[in-house]
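S.K.: Below are the chains, spelled out letter by letter.
Protein chains: 2
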Amino acid sequence: MKFCSQCGSPLCFKVPAGDNRHRFVCTECHEIHYQNPKIVAGCLVVHEEKILLCKRAIEPRQGYWTLPAGFMENSESTREAAIRETREEACTEAIISDLYTLTSIMPIDQIQMIYLASMATPNYAAGDETLEAKLFTEAEIPWDELAFETISTALKFFFEDRKKGLFPLRHIDLNSKKPTTE
Amino acid sequence: MKFCSQCGSPLCFKVPAGDNRHRFVCTECHEIHYQNPKIVAGCLVVHEEKILLCKRAIEPRQGYWTLPAGFMENSESTREAAIRETREEACTEAIISDLYTLTSIMPIDQIQMIYLASMATPNYAAGDETLEAKLFTEAEIPWDELAFETISTALKFFFEDRKKGLFPLRHIDLNSKKPTTE
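Heads up: the sequence lines are chains P and E, in that order.
Everything in the first sequence is counted per our numbering, starting at 239 for the first residue and increasing by one.
Everything in the second sequence is counted per our numbering, starting at 239 for the first residue and increasing by one.
Bound-form chain P, shown alone (with noise of 0.2 angstroms):
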């Protein structure tokens, strides 16, 4: 960030009067640029004891497995994001449960939401940001292909609470200095 989006003169990194961090600061129209962590919203899609999951046409990670999610958009809840990339990226419409995991992932500031989900119609297929989209038993899932740390510990958490027939939502911090997982 180096021009301000307001009237296009350069930015300073500076500390603002009455706060207490760091922030882009326009040297001309003195607008305060604030930066914050992104949502990515996406589904646990469960069938018949399988997982659906996406293997990726695009970079980052390429040919890896990942659960459908994406960035949320404007104008959007949390569950609308969830279902949209769903819908985008596995072709199939999903009908959410519960918030399952919130992963903060402070290296790239990102915030992770994982819903469960069914599907309303077994149907799926390849969207355009996905090479294949397949169900997975536990045993058939690719541990050494998944796409993110945030997929595979997901997945972790969501077969041992499958175990046990309780999906409390798990709060999973990345990366933090006192990292966390509960």
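The set of hints was computed from the structure by calculation and includes no laboratory data.
Honestly, I wouldn't trust all of these hints.
Same chains, same label: a pair holds when it works inside one copy or across any pair of copies.
Claimed, not checked - Here are the simulated DSS-like cross-link-like pairs (lysine-lysine), alpha carbons at most 27 angstroms apart as the crow flies:
#1 240 - 252
#2 293 - 394
#3 276 - 240
Fit chain E to the known structure of chain P by using the hints.
M.R.: Then chain E, alone, in the frame of chain P:
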């Protein structure tokens, strides 16, 4: 948003190739400037049947009561953000238990997360952005002087749920095309 934060050139508003939404795109360097919802995190602090509210010292809604909450910063987890905001606004150390409300406020592109919490020690005070911090019983809640609809909704759910002793995560979608609370 009028100018590119990367190169300072004017932006246009168009659907980029391979996308299906209008975005701000630089007319010179072609950088796409995505806009995403911001997260507000805070705490519903309970102490001996009472709730901690803060009277706002700043706009919007100066002089009205709210739960301690504010914009999540980069490089922190959702729980760290809720604890930090409670410290800043009510000068107390929150001990967080469950995520309690997850509110999507579509018209202003905010996602609000409120955690149930207690206080490490029952000491609290007004922070810089607070005129007064005070504990309220249910009967004392100043319903007509609450700052935001999200706050009154969270408190109503809380007092209902407290009767049952169960506090499931409450999804609240405000001003959606299909408004839902559950």
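S.K.: Under the constraints set out in the numbered hints, which ones does this structure not fulfil?
M.R.: none
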